[in-house]
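Those letters in the sequence shown? Residues 1 to 395, per the UniProt record's numbering, in order.
Hints may be right or wrong, so weigh each one.
[To be verified] As a list, the in silico SDA-like pairs of lysine to any residue whose alpha-carbon atoms are at most 25 Å apart:
id	residue 1	residue 2
1	K208	P245
2	K77	G180
3	K77	K313
4	K77	A212
5	K313	L23
[Claimed, not checked] Cβ pair distances, simulated, as ranges:
id	residue 1	residue 2	range
6	L355	D113	41 to 49 Å
7	W347	I287	24 to 32 Å
8	L355	E194	18 to 26 Å
9	D193	G165	20 to 28 Å
10	S118	I287	32 to 40 Å
11	V350	T83	45 to 53 Å
12	G216	A82	15 to 23 Å
13	K208	A106	44 to 52 Å
14	W347	R316	21 to 29 Å
15	T76	G151	35 to 43 Å
In short, the hints are calculated from the structure, not lab data.
This one's a predicted model, so the numbers in the text were calculated from it and none came from an experiment.
Idealized CB from N, CA, C, for every residue including glycine.
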Amino acid sequence: MTWRLRVESVRRLAADAAASLLLRPGHTIGMVAGIALGVAGVVGIVVIADTQQIQVDRQFDLQRSDRVVVRAWTPTKAGFDATRVAAAEQLEPVLDVGEFSVWSRARTVSRTDGTARSSRPVLVADGSGLLATDTRVVRGRSGDSLSTARGPVAWIGERLARDLGLAPGDDLDNAQVLVGDLPFEVVGIIANDEGFGYASSGVLISRKTAVATLGGVGENVRVIAHVRPGSASAVGDNMVAGLDPYRELMLEDVTPPDGKVLLSNVGSDLRRIGAALGGFMGLIGMITVANTLMMAVYQRRRELGLRSAMGWKRRRIGVLVLTESATAGIVASTLGVGLGLGVAVIWSHVQHWELILAPWLPFAAIGSGLTASLVGGIIPAYLAASTPPMTAMRS
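Turn these sequences into a full structure, and let the hints steer you where they fit.
Rendered as structure tokens:
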């Protein structure tokens, strides 16, 4: 057979397969839907996973990997020994170190007239703790006055200030907040855009004020050190031993994992989820293709028998069914890639993320969908090729 005859044979086979699919739109849609959903699931989740990796990297980059967090599990009202904290600051890799504790994870905060009530964290820190966490005072008194503040005064996060409509320098009613039932004078507004962003939504007071007004010893009492990247582990061990030599506070190094390690772990988890979901949907797609084609073969027994009687060989009939399956798979995979990318684009736009797309992904997804459709068409193709002409005609 010359190459021209081969090309003509392939063209006729493709035309027959396309005609069979178009004449049975219900069956075709059933096959296409199963594969398309599987491909869309894989593409959408993998693209979102890659995009999410960038967001994780931005959230857990240097501000996490160059911070040491030491927590006291048995804190006291006196807090951390100032002399020992000062000694920790003298360590060569340490840039700043100070207290930055969560005194209460949720306290009711409102205006003095009781309006705009919401549940907010109450933080306790000193000036060095603000420096160590890159928490800045955007308006009002500086953080250095935390250690000398007298009376119930507080700094509030800029998001909380915006919600309450407060600002230092306003009239007395607008310069106070209620934490629970206790009034606090607002003397400053703080902000943190990095890994301690909850400070922008909370209330910050000094340790002395917290003990005198709120009582207790704090829910999450911590010393945080800003260190040079790569030295967090060594500094953490040194701080645990130096700040609590007699194990009175039961200090523990609870430094978050390095951003690169966390990025890798989260990215791998998201990819595994995408692969698992895509594999499951691909299995459903294969079953759908197999079921739909088997029904089509049963309903087309007379047609297939007639083709056999006209001289079609079993191999050619089987290839026809596989061609139909492959055609549906290519169409479904292309639609699935478009659907998956569309969902990923919309999701990234809503989240204000920069979309990350691997160039090979659409081609790999189409190839996977084509493979799934071919695998699903093997049994129906075998059954179609095995149908005797007389049996098919008698049906």
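Of all the hints given earlier, name the ones this structure violates by number, lowest first. 3, 10, 13, 14 and 15
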